[in-house]
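K.L.:
Please take these sequences and the hints and turn them into a complete structure.
There are 2 protein chains.
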Amino acid sequence: MPQSTKTAIMVIGGAEDKIHGKEILHNFFGRSGAAEARIAIIPSASREPAIIGERYLTIFGEMGAKGIEVLDIRDREQCNDALMQSYVENCTGVFMTGGDQLRLCGLLADTPLMRTVQQRAQKGEITLAGTSAGAAVMGHYMIAGGGSGESPNRSLVDMTTGLGIIPEVIVDQHFHNRNRMARLMSAIAAYPDRLGIGIDEDTCTLFEGDGTLQVIGKGTVTILDPAELSYTNQEKVGATDPLSIGNLRLHILSHSDRYDLRKRVPSFAAYRMAQE
Amino acid sequence: MPQSTKTAIMVIGGAEDKIHGKEILHNFFGRSGAAEARIAIIPSASREPAIIGERYLTIFGEMGAKGIEVLDIRDREQCNDALMQSYVENCTGVFMTGGDQLRLCGLLADTPLMRTVQQRAQKGEITLAGTSAGAAVMGHYMIAGGGSGESPNRSLVDMTTGLGIIPEVIVDQHFHNRNRMARLMSAIAAYPDRLGIGIDEDTCTLFEGDGTLQVIGKGTVTILDPAELSYTNQEKVGATDPLSIGNLRLHILSHSDRYDLRKRVPSFAAYRMAQE
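Protein sequence lines, in the order shown, are assigned to chains X and Z. If you read the first sequence in our numbering, its first letter stands for residue 1, the second for the next number, and so on. If you read the second sequence in our numbering, its first letter stands for residue 1, the second for the next number, and so on.
The set of hints was computed from the structure by calculation and includes no laboratory data. Since the structure is predicted, the reported quantities are computational estimates derived from the model, not experimental observations. Do not take every clue at face value.
Where chains are identical, the list cannot tell them apart; a pair therefore holds if satisfied intra-copy or between any two copies.
Stated by the list, open to error - Calculated pairs, BS3-like style, for lysine-lysine (alpha carbon to alpha carbon, straight line, at most 30 Å):
| # | residue 1 | residue 2 |
| --- | --- | --- |
| 1 | Lys-6 | Lys-18 |
| 2 | Lys-18 | Lys-123 |
| 3 | Lys-22 | Lys-236 |
| 4 | Lys-236 | Lys-18 |
| 5 | Lys-66 | Lys-22 |
| 6 | Lys-123 | Lys-22 |
| 7 | Lys-123 | Lys-6 |
| 8 | Lys-263 | Lys-123 |
| 9 | Lys-6 | Lys-66 |
| 10 | Lys-123 | Lys-66 |
P.N.:
This is the structure in structure tokens:
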């Protein structure tokens with residue numbers, strides 16, 4: 001299959017392959033312009049930004065990117081830096097690493113630099129990728145943390161505000177790997193006007209700007225669609241009481257499956273191929 | 001609320017309260033006839049049947065049951081025992097403990113004793129309860145074991161045949177506590193003519209024989225309804241490949257919520273009360 005060169009917003013569930021096939025990172029590289037790519041790496045979610053920045057710099061360098069800069073932002077004031085601003089105005093791809101999503105939002109939310117990245121990504125001028133914490137920040141509402149191994153309940157998930165790059169979704173990452181279904185359900189019960197997207201490790205949800213998403217990588221993407229929600233007691237019960245939730249629609253998507261965000265309908269790769 | 005004295009099939013997610021309020025065990029005691037109850041305890045799932053049998057014997061004895069027998073079946077031949085057979089023909093309640101569901105099925109499936117229990121439970125003559133392994137055996141298809149922390153895939157769940165007491169369901173227990181959503185989804189993808197029922201610890205699904213189920217206890221019951229399943233690649237992919245599943249309907253039920261098994265529609269306690 002020829003790889004698309006269209007720009008996209010790439011939401012990666014963490015732990016993407018960095019050694020062998022590197023499917024997801026190659027896809028990012030291609031969609032950022034391949035040999036013409038000028039890539040900005042934002043390692044600010046991490047407590048070891050220099051190390052993680054260098055790791056991705058090496059990977060994209062070996063792929064042959066024309067330019068790569070690590071924007072090692074450790075202070076909000078750096079987001080006014082003219083050189084960095086100039087770089088993100090002219091780059092073709094931005095990659096946000098893993099770490100702590102609260103740290104990433106704290107450093108970048110509502111800064112001139114992030115506004116430029118967001119606007120250019122939403123216009124389709126650049127490919128923006130985020131993995132793990134870099135994925136968590138994509139929605140307007142963000143899962144800051146939470147637990148697993150309990151009945152769905154309000155206290156199972158800590159919600160805050162994300163970067164709002166894809167406002168209509170709530171993203172959860174390392175999804176089945178860290179057993180996060182109950183916390184995403186608890187989040188969606190609180191914000192049933194959003195779409196829940198749980199992304200497994202080494203798996204990526206590609207938003208191509210045409211109102212659909214597509215899955216690549218080794219695992220699955222779980223869609224929790226509350227459009228037909230009939231009932232929840234979310235606002236009525238105590239923080240640790242078990243929730244009631246009626247009528248969620250659930251899809252499990254794997255490689256090359258798509259989902260229409262407007263119609264809220266999945267389209268499965270094997271089914272599409274059989275039709276063609 | 002007055003406690004129902006109707007017989008029921010009680011499917012308990014394991015780890016039910018045995019010390020404090022004992023809500024679920026009290027409910028079983030009441031539905032088995034309270035002071036008139038003649039209870040059979042089947043501890044055969046356990047590798048320590050004497051200890052676990054004694055534990056429930058003490059609990060139901062303290063509640064005031066008229067008669068209690070531990071049917072400590074360790075060999076299929078015991079299931080032809082005339083005294084045991086006579087006891088289950090005249091008892092008012094049967095309680096199957098936790099342990100290993102394969103062991104329980106191996107000892108009891110297709111024996112005269114179990115046929116009597118099943119027929120009397122299905123006719124509403126007795127209350128039959130099973131907790132943990134005793135819950136797992138309720139369906140025609142049974143989850144014998146499996147894993148968690150992976151994308152849904154065929155190898156995540158080991159399926160075999162259960163006791164078929166409620167043939168139309170596939171039960172999973174310790175559900176959110178042991179993060180079993182992915183394995184129940186994998187089971188339902190394989191048997192989409194069944195209804196998936198995931199029961200949390202200290203939580204019970206009551207089947208009252210009127211085509212509805214009701215939830216009691218501390219946690220939630222998850223209903224995975226594949227009636228509108230649009231697609232799965234379950235039969236086409238390798239055992240460890242991630243699954244695609246389209247259009248599962250998902251409900252989370254908590255205390256006093258009900259679900260109509262024929263119409264496949266939930267009815268929430270707080271909503272019902274607001275209507276009344």
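K.L.:
Is the C-alpha distance from Lys-6 to Lys-66 at most 30 Å within one copy, between copies, in both cases, or in neither?
P.N.:
within (18 Å within a copy, 75 Å between copies)
K.L.:
Under a CA distance limit of 30 Å, which applies to Lys-6 and Lys-18: within one copy, between copies, both, or neither?
P.N.:
within (22 Å within a copy, 60 Å between copies)
K.L.:
What label fits Lys-66 with Lys-22 when the C-alpha limit is 30 Å: within, between, both, or neither?
P.N.:
within (19 Å within a copy, 68 Å between copies)
K.L.:
Are the CA atoms of Lys-123 and Lys-22 at most 30 Å apart within a copy, between copies, both, or neither?
P.N.:
within (27 Å within a copy, 59 Å between copies)
K.L.:
As a check of your reading, is Lys-18 near Lys-123 (CA-CA no more than 30 Å) within one copy, between copies, both or neither?
P.N.:
For Lys-18 and Lys-123, only the intra-copy Cα distance (28 Å) is at most 30 Å; the inter-copy one is 60 Å.
K.L.:
I want to check one pair: Lys-263 and Lys-123. Are their C-alpha atoms no more than 30 Å apart within a copy, between two copies, both, or neither?
P.N.:
Close inside one copy (22 Å), not across copies (46 Å); limit 30 Å.
K.L.:
Within a copy, between copies, both or neither: which one fits Lys-236 and Lys-18 at a CA-CA cutoff of 30 Å?
P.N.:
For Lys-236 and Lys-18, only the inter-copy Cα distance (29 Å) is at most 30 Å; the intra-copy one is 45 Å.
K.L.:
How would you label the pair Lys-22, Lys-236 (within, between, both, or neither) given a Cα cut-off of 30 Å?
P.N.:
between (46 Å within a copy, 25 Å between copies)
K.L.:
What label fits Lys-123 with Lys-66 when the C-alpha limit is 30 Å: within, between, both, or neither?
P.N.:
Only inside one copy: Lys-123 and Lys-66 sit 22 Å apart there, 75 Å across copies, limit 30 Å.
K.L.:
Regarding Lys-123 and Lys-6, is the shortest C-alpha distance of 30 Å or less found within a copy, between copies, in both, or in neither?
P.N.:
So Lys-123 and Lys-6 pass the 30 Å test inside one copy only (12 Å; across, 63 Å).
When the structure is compared with the earlier hints, no violation turns up for any of them.
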